[in-house]
Amino acid sequence: MTIKTSRLGTIEIETERIIHFKEGIPGFEHLTKYVLLSPPELSPFHVLQSIEDGDISFIVSNPFIFKEDYAPYINKSVFEELEIEEDSQAVLFTIIVIPDDYTKMTANLMAPIIINSEKRLGKQIILDKGDYPIRYPIFQNLDGKVG
Numbered sequence: 011m012t013i014k015t016s017r018l019g020t021i022e023i024e025t026e027r028i029i030h031f032k033e034g035i036p037g038f039e040h041l042t043k044y045v046l047l048s049p050p051e052l053s054p055f056h057v058l059q060s061i062e063d064g065d066i067s068f069i070v071s072n073p074f075i076f077k078e079d080y081a082p083y084i085n086k087s088v089f090e091e092l093e094i095e096e097d098s099q100a101v102l103f104t105i106i107v108i109p110d111d112y113t114k115m116t117a118n119l120m121a122p123i124i125i126n127s128e129k130r131l132g133k134q135i136i137l138d139k140g141d142y143p144i145r146y147p148i149f150q151n152l153d154g155k156v157g
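Taking our numbering, the leading residue of the sequence shown gets 11, the next gets one more, and so forth.
Hints are computed from structural coordinates only; laboratory data are not their basis. In this text the structure is predicted, and so the values were computed from the model without any measurement. Heads up, the beta-carbon is just placed ideally off N, CA and C, and yes, glycines get one too. Treat each hint with caution, since some may be false.
Stated by the list, open to error - Cβ pair distances, simulated, as ranges:
id, residue 1, residue 2, range
1, Ser53, Asp110, 16 to 24 Å
2, Glu26, Asp63, 16 to 24 Å
3, Glu51, Ile136, 25 to 33 Å
4, Val88, Asp110, 28 to 36 Å
5, Leu18, Asp138, 29 to 37 Å
6, Glu62, Ile136, 16 to 24 Å
7, Phe38, Arg145, 15 to 23 Å
8, Phe38, Ile108, 17 to 25 Å
9, Glu51, Pro109, 17 to 25 Å
Claimed, not checked - With a straight-line cut-off of 27 Å between C-alpha atoms, the simulated BS3-like cross-links for lysine-lysine are:
id, residue 1, residue 2
10, Lys139, Lys77
11, Lys86, Lys139
12, Lys133, Lys14
13, Lys86, Lys43
14, Lys133, Lys86
15, Lys43, Lys14
16, Lys86, Lys32
17, Lys86, Lys14
18, Lys77, Lys114
Given only the sequences and the hints, what does the whole structure look like? Please build it.
If you want it as structure tokens, here you go:
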């Protein structure tokens with residue numbers, strides 16, 4: 011399948027890599043199919059790209075890279091909804107905002123994205139427990155892990 015994206019140009023993806031977000035992502039509920047792209051030049055970041063709208067994508071990252079003690083409480087119902095039966099199936103990401111001054115980049119720790127890597131099901135959840143910020147500064151915590 012070929013998709014044209016505003017961030018990465020025209021790319022080829024295998025249909026088995028599509029991740030289904032049954033409810034979309036908050037603010038983009040009408041878009042339910044995404045693919046996770048990992049261009050080496052963006053490491054440790056990834057691009058969660060809508061395959062339904064090439065202009066919609068999110069920079070995401072493993073939150074433990076910059077916040078090792080991140081321990082969000084995720085309700086058991088989320089694991090059931092995503093058909094996660096073993097911890098090894100669950101992959102956690104946070105959306106990253108990179109402004110013009112990249113040293114001010116932040117991660118949304120209040121609303122992580124959880125993906126069942128085997129069944130290709132995903133969901134962004136808004137945490138109702140814990141004291142995690144929407145804009146957690148991450149640049150100083152990357153400590154040479156970029157690129």
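A quick look at each hint next to the structure:
| no. | hint | in the structure |
| --- | --- | --- |
| 1 | Ser53 - Asp110: 16 to 24 Å | holds (21 Å) |
| 2 | Glu26 - Asp63: 16 to 24 Å | holds (21 Å) |
| 3 | Glu51 - Ile136: 25 to 33 Å | holds (31 Å) |
| 4 | Val88 - Asp110: 28 to 36 Å | holds (35 Å) |
| 5 | Leu18 - Asp138: 29 to 37 Å | holds (34 Å) |
| 6 | Glu62 - Ile136: 16 to 24 Å | holds (23 Å) |
| 7 | Phe38 - Arg145: 15 to 23 Å | holds (19 Å) |
| 8 | Phe38 - Ile108: 17 to 25 Å | holds (18 Å) |
| 9 | Glu51 - Pro109: 17 to 25 Å | holds (19 Å) |
| 10 | Lys139 - Lys77 | holds (17 Å) |
| 11 | Lys86 - Lys139 | holds (13 Å) |
| 12 | Lys133 - Lys14 | holds (24 Å) |
| 13 | Lys86 - Lys43 | holds (23 Å) |
| 14 | Lys133 - Lys86 | holds (13 Å) |
| 15 | Lys43 - Lys14 | holds (14 Å) |
| 16 | Lys86 - Lys32 | holds (17 Å) |
| 17 | Lys86 - Lys14 | violated (37 Å) |
| 18 | Lys77 - Lys114 | holds (16 Å) |
Consistency with the previously given hints fails for number 17 only.
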